[in-house]
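Take the given structure of chain A and dock chain B to it, following the hints.
Take a look at the letters that make up each chain.
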Amino acid sequence: MSDYVKNLLRFCLIILIQELILNKINLRWWSNPAGFPVFVPYVYPLFILLLPIETPVWLMLILGLVTGLTVDTFNSTAGMHAMATVLIAYLRTNVLAALMPKHLSEYPGQSPNVKNMGWVPFLVYCGFLILIHHTVFFLVELWSVNNIAYLLLKIVASAITSLLFIVVYLLLFTKQAVQRSA
Amino acid sequence: MRTFILFIRRFFNLIFFLGLEIVCIVLIARTKTLQGNELMNSANSVSGYFYNKQNDLVYYFGLRQMNDSLLNENARLRSELAAYSAVDTAKDGKTSLPLNFSDSTHVLHFAEYHYRTARVINNSVTSANNYLTIARGSEDGIEKNMTVISSNGLVGRVENVSKHFATVLSMLNVKQPVSAKLKEGTTFSVVNWEGERPDVLLMKGIAQEIKVKNNDSVYTTGYSQYLPANILIGTVFKKEILKKDNTQQLSIRPATNFRNLQYVYVIENKMSGERTQLEDSTKGKNK
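If you read the sequences in order, they're chains A and B. Just so you know, the first sequence maps onto residues 1 to 182 in the working numbering. Just so you know, the second sequence maps onto residues 1 to 287 in the working numbering.
Bound-form chain A, shown alone (with noise of 0.2 Å):
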């Protein structure tokens, strides 16, 4: 299968299981309604992760703009997560490089995953950039840091929370996972 088809069906898996599934949950970590706040894990971001380690900036930017936008649309937030998803498209990159073992240009045709990066650095990778996507975000959503305890919360416990339903993702949908568990 071509890197292009196996893109775009996993960009159109993970906005249909963002937007079907996970948007449906709204999660409280306290039983008491008045607890903690809900929010919803924001997996979507995963599809800018795992494109394949050479794609030039400028095309990822696109893709980060299109995906952030699709979201947008489902959620009537226009433009506050294509804000977040452009940043992290940008940051990408940069963050790839600081932790792979070799220099870009020596994996050709491959995404950024466990097998070539190991679950350590990989999972940093992710969660670096799910937080600074997940901070964008509220930030944005909420227009105001009068409350900032609440909206560190909030960042936080969302961006372990998506990171949780990552793995979890991955685990289910990658061929290493299928072969090790065999």
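Label-pair distances were calculated between CB atoms; the ranges are:
#1 240/B <-> 6/A: 53 to 63 Å
#2 152/A <-> 63/B: 35 to 45 Å
#3 66/B <-> 25/A: 17 to 27 Å
#4 210/B <-> 13/A: 48 to 58 Å
#5 2/A <-> 1/B: 39 to 49 Å
#6 102/A <-> 56/B: 43 to 53 Å
#7 5/A <-> 56/B: 22 to 32 Å
Far from chain B, some chain A residues (derived; all Cβ distances over 12 Å):
#8 10
#9 54
#10 115
#11 131
#12 173
In silico negatives: residues of chain A with every beta carbon more than 12 Å from chain B:
#13 4
#14 53
#15 100
#16 103
#17 106
#18 127
#19 160
#20 163
#21 167
#22 168
Hints listed in this document are in silico derivations from the structure and should not be mistaken for laboratory results. In this text the structure is predicted, and so the values were computed from the model without any measurement. We treat Cβ as the ideally placed atom computed from N, Cα and C, and that holds for glycine.
Relative to chain A, chain B alone:
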């Protein structure tokens, strides 16, 4: 010129990135206005289609709660009806007294509001501005700014309409407060949401002398031209006195459970056009 082109080539990615971010900011800035944006919202047909399909599936899980709320509403309507009619409607509904149309002293008001039911196909409580998507659109007569209520209380206001779908800005939004009054109609104020929890609305600026008890109801006023008066917003569950300006602040538990809405009513005000026209002409005269 050469250095300029070199500069562009060197920083192309950065410039492109900044350009895209500016596009996003413009989009956000346009939604921050009250009118909302026309271009991107979940009332468009593609996302509406997906939400519809998804709702068909999830619909069944909420049937029990929906049944309960419908039963409650039936009971409430029955008791309200009983207050208007001299006849016990539950016992012998067939024999209610007919209105005497020939009586010329009797003024007949025709209904000012028209109610339409709509199914909720998408719902959120987690954002700072929450939207519902309903499976009714301009073809069913839904228009912008109509009020939406559930069987229990106020839900929100229609913001965007497409042919078959419409988005509703729910009460849980930080940009638009609702005009409200306390039980006896003694105090008027606005109810708004601070963007934190879907279970708490705030009513500020109540004078200290006003005695408020817990579980007092808060209703809408007829001040807004789209909103019928006396729709339940919620009940008071906490009172505090603000040191800052010595006023009371009431925390209100919304009557509607925003987490599991399935069906809502969209209210059309038939007199709205006439009223707007009158108010606008009055404003124009005073200028």
